[in-house]
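Quick note, my numbering runs 244 ahead of the 1-based positions in the sequence shown.
Because the hints were derived from the structure by calculation, they are not lab data.
Treat the hints with caution; some may be incorrect.
Each pair of labels, with its calculated beta carbon distance range [as the list claims (entries may be wrong)]:
#1 G348 to F520: 51 to 57 Å
#2 L499 to A371: 54 to 60 Å
#3 E347 to L715: 28 to 34 Å
#4 H343 to F520: 56 to 62 Å
#5 M593 to L529: 30 to 36 Å
#6 S384 to S503: 56 to 62 Å
#7 S503 to P527: 32 to 38 Å
#8 G348 to N597: 52 to 58 Å
#9 V517 to F366: 32 to 38 Å
The beta-carbon is built from N, C-alpha and C at its ideal position, and this holds for glycine as well.
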Amino acid sequence: MASEKESMENRNKPFLSLYSNYLRNRIHAFSISHFLSKITLPFRSTQRPHSFPLPLPSNSLDSSLVVSKPSSVHCVLEDILQHVFADLHSIQKNLHFWHSRAEGSDARKAYFMVFERGPRAFINETAKFLLPGGPAEGYSMKNLYQSASDHINERVTVLNCLRCSLATFLAQLYMEIDKIGADLVTDPESKLPSLLVTINELFSTLEASIGHLHAIRQVTKHKKPRKITQYWIRYTCGAVGLSACSVWLLRHSSLTGSSDLDNWVQEAKDSTVGFFKDHVEQPLLSIRDELFETFRKRHQGIMDHEEVQLTSDSLHRMLLAFSEQTKGQKLPENASDHEMIEIVMDRAMLELNQILRANEINFAILAALPAFFLSLLLMMFDTKAEGRGRIARIQRRLLVVEVEKRVMQYQNYIEQGLEKDAQCMFGLVLYSLDRLYHSVKRHAEASGEWQCLRQDIIDLARPGLQTAYKLTVTSRMERVYDCLLPSLKRR
245 MASEKESMEN RNKPFLSLYS NYLRNRIHAF SISHFLSKIT LPFRSTQRPH SFPLPLPSNS
305 LDSSLVVSKP SSVHCVLEDI LQHVFADLHS IQKNLHFWHS RAEGSDARKA YFMVFERGPR
365 AFINETAKFL LPGGPAEGYS MKNLYQSASD HINERVTVLN CLRCSLATFL AQLYMEIDKI
425 GADLVTDPES KLPSLLVTIN ELFSTLEASI GHLHAIRQVT KHKKPRKITQ YWIRYTCGAV
485 GLSACSVWLL RHSSLTGSSD LDNWVQEAKD STVGFFKDHV EQPLLSIRDE LFETFRKRHQ
545 GIMDHEEVQL TSDSLHRMLL AFSEQTKGQK LPENASDHEM IEIVMDRAML ELNQILRANE
605 INFAILAALP AFFLSLLLMM FDTKAEGRGR IARIQRRLLV VEVEKRVMQY QNYIEQGLEK
665 DAQCMFGLVL YSLDRLYHSV KRHAEASGEW QCLRQDIIDL ARPGLQTAYK LTVTSRMERV
725 YDCLLPSLKR R
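Start from the sequences and build out the full structure, keeping to the hints where you can.
See below:
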């Protein structure tokens, strides 16, 4: 039996390799991939190293089926799922952009139509108002508002259609894998031909469902504008300012026969060198010479009583003169040093207090700058669901809420007999679970919760489990797992 199984595996390996390449080519060749590649290429990040788990019995903690070694069949299926999840994520990002524009006011939509679609759109929209045939022909702000709404709604409609078709394909594929999950664990090569035929039919159905999009619209119209297109006015102003500065520098440089720039550079250099010598080098040299002079005097021997008395008398006279100047009255010659030191200290503390009060705001700003820049840096890198901060925790909890809402919507479609809508919603459930899976993995591994949390996510993706049980799982996830708990520090 072992030899027969081994020979069968050897016969299937060339077929598996050939069909795997065929599947990959189909993924990149069928129409939605061309569509999505043009939408997602500027926005797609690097591929994630770990894909969402397949619905195999070996993923269950109670199952007796254990995968002895990784199968190339599993790798092919995971690769297909990973491509579908990546395309869904790109569609979702573009949809989020257009939804945000659709929810804006009419003035915001008009601003987008005129100023955030590039120079060509700016010229075209401006020409409709300024050139003959503009407002006189009936084109007004109301027409601009309507044009903006139509422009945005068209893209929302097309992307929603794409998302629904791709989510339906994902749900059908996942359900087919779930049906033969046990056979894919024990003997994946024997089930591969029939599974590939089914996948090919699903691809054909997907091609047919989105084929009309190529005939009606150019795919480049439906992606969100690039950053350089949205902020082209800022970049243009910056480029103009930089050009003006460059021209000004060129006019004062030696290239045009002017010595102004060289003179300014030399003056700045001389000022810097002079400042360094006067305020840094000379004080350090004075301190060094004073220290060396003190050490040399110490090595000469102990001072005699007359030298000590002369030094003491000199210091007393200096202290007496400073105290009289500070207090504004004549002090007796036999005034004690303690009284004069108190006068000096009072004057010094008063002046120090005035300096501190005058610079209190400056000191507060200087003290707050490091914390401000650190907070800004953390906010820039810790806003996604994969981060560690409070915002990242909120994003992860919102993903759980999104899964819960879509599970309930899926059950509603099932009860109403809307099979296509139910399949689409189940695909969106899988997409939300994939995002949750990759956002909590690192944090759950650090806290030791990953095995249990991973199993809960896999259970939520199983088509055959009851909706009531899935809702219980989502409720438990929000209450139990540390990486999904709300932040303890709230403002």
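* Can you name, in rising order, the numbers of the hints this structure does not satisfy? -> Checked against the structure, the hints that fail are numbers 2, 9, while the rest are satisfied.
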